[in-house]
Amino acid sequence: MPDLSPSAPFTISLGKARITALCDGVLTVPVANLYRLNSSQPTPEHFPAAPGELSVNAFLVETGTRKIMIDTGSGALFGPDHGKLQAALINLGISPDAISDIILTHIHADHSGGLIADGKPVFKNATLHIGKTEAAFWLSEGADKAAGVTERVRGQIGRAHAAIDPYEAEKRVLLFADDGEIMPGFSASLRAGHTPGHLSIRFSDDENTIVFVGDIVHGDSVQFADPAVTIDFDYDQPNAAVARAAAFAEAADEGYLIAVAHLPFPGIGHIRRDGKAYRFEARRAQ
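The numbering of the sequence shown is the numbering used here, which starts it at 1 and goes up by one.
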């Protein structure tokens, strides 16, 4: 049996490209206490089978001369059991300095925190690509003082600046349209709800496609059985549910691979229809 532990690399071929899942850490969290179902508050009593942990996955795409990261994990923000991305890259024989580009699905700390270490860029030669809506929400001047901003969001804005400002200072941040091409082979689709600018990132090589869906789903059972279930982290609960249902339907109908940040490592597989619900079919190592 292949080793699917988070410490082991998981690489598949996609056309001429290589896709590698990397685990930055595992969040131990009572997920049932975070799920909501048609409620303004979590409803844990509805979810006895909810997981007790969530993997934090990031993904490396190697194509031609480019090495592209999709998200970067949480770095030092979530304690000593996280921030394992750099070591995972080095174990693959890849220096962080060799990463040419980083594309963020969104700017939550468990996706952008790994950009920095001790306040300095980890990826010294990479261009950082961020969707326009996401950047405007988290990084625009005065965002932390906008009407209705909660203390939680204010803290998230602070962490967003801490992670991204060092790249901006070196003029290594590029913004891209929410729906459209990012760079050759990569395009974005807005899946707003989890954050205002939350994105799916599609990569295609010839007729082969994988879509990095970010935080469209948390856990490998509850939300596949019922996409209407949201999670406390979703900024806009109703739209998060709509985006999840649309993402599941498209992935099932088109049959492409998906890569997910918070499914059990490696988080790569297919979404299949299961009656009126869905199920996740994990991809096995090649």
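In case anyone wonders, no lab produced these hints; they're calculated from the structure. Don't take each hint at face value.
To be verified - The list that follows gives simulated cross-link-like pairs (lysine-lysine, DSBU-like), each with its CA atoms no further than 35 Å apart:
| hint | residue 1 | residue 2 |
| --- | --- | --- |
| 1 | Lys132 | Lys145 |
| 2 | Lys16 | Lys171 |
| 3 | Lys145 | Lys120 |
| 4 | Lys16 | Lys132 |
| 5 | Lys120 | Lys171 |
| 6 | Lys120 | Lys132 |
| 7 | Lys145 | Lys16 |
| 8 | Lys124 | Lys171 |
| 9 | Lys120 | Lys16 |
| 10 | Lys145 | Lys124 |
| 11 | Lys171 | Lys145 |
| 12 | Lys132 | Lys171 |
Each hint tested on the structure:
Proximity of Lys132 to Lys145 is assessed by CA-CA distance (about 20 Å); at most 35 Å being required, the pair is judged to hold. A distance of roughly 31 Å separates the Cα atoms of Lys16 and Lys171; the hinted pair therefore holds under the 35 Å criterion. Proposed proximity of Lys145 and Lys120 is supported: the alpha carbons are some 26 Å apart, at most 35 Å. The straight-line distance between the Cα atoms of Lys16 and Lys132 is roughly 30 Å, inside the 35 Å bound, and the hint therefore holds.
Our distance criterion of 35 Å between C-alpha atoms is met by Lys120 and Lys171, whose separation comes to about 14 Å. Distance check on the hinted pair: Lys120 and Lys132 sit about 23 Å apart at the alpha-carbon level, within 35 Å; holds. Proximity of Lys145 to Lys16 is assessed by CA-CA distance (about 47 Å); at most 35 Å being required, the pair is judged violated. This hinted pair checks out: Lys124 and Lys171 have alpha carbons roughly 12 Å apart, not beyond 35 Å.
A C-alpha spacing of about 33 Å is found between Lys120 and Lys16, which places the hinted pair at or below 35 Å, so the restraint holds. As the CA atoms of Lys145 and Lys124 are separated by approximately 32 Å, the hinted pair is consistent with the 35 Å bound. For a cut-off of 35 Å, the pair hint linking Lys171 to Lys145 stands: about 25 Å separates their Cα positions. For the given pair, Lys132 sits about 16 Å from Lys171 by alpha-carbon distance, which is consistent with the 35 Å threshold.
Hint 7 from the list above is the single one not met by this structure.
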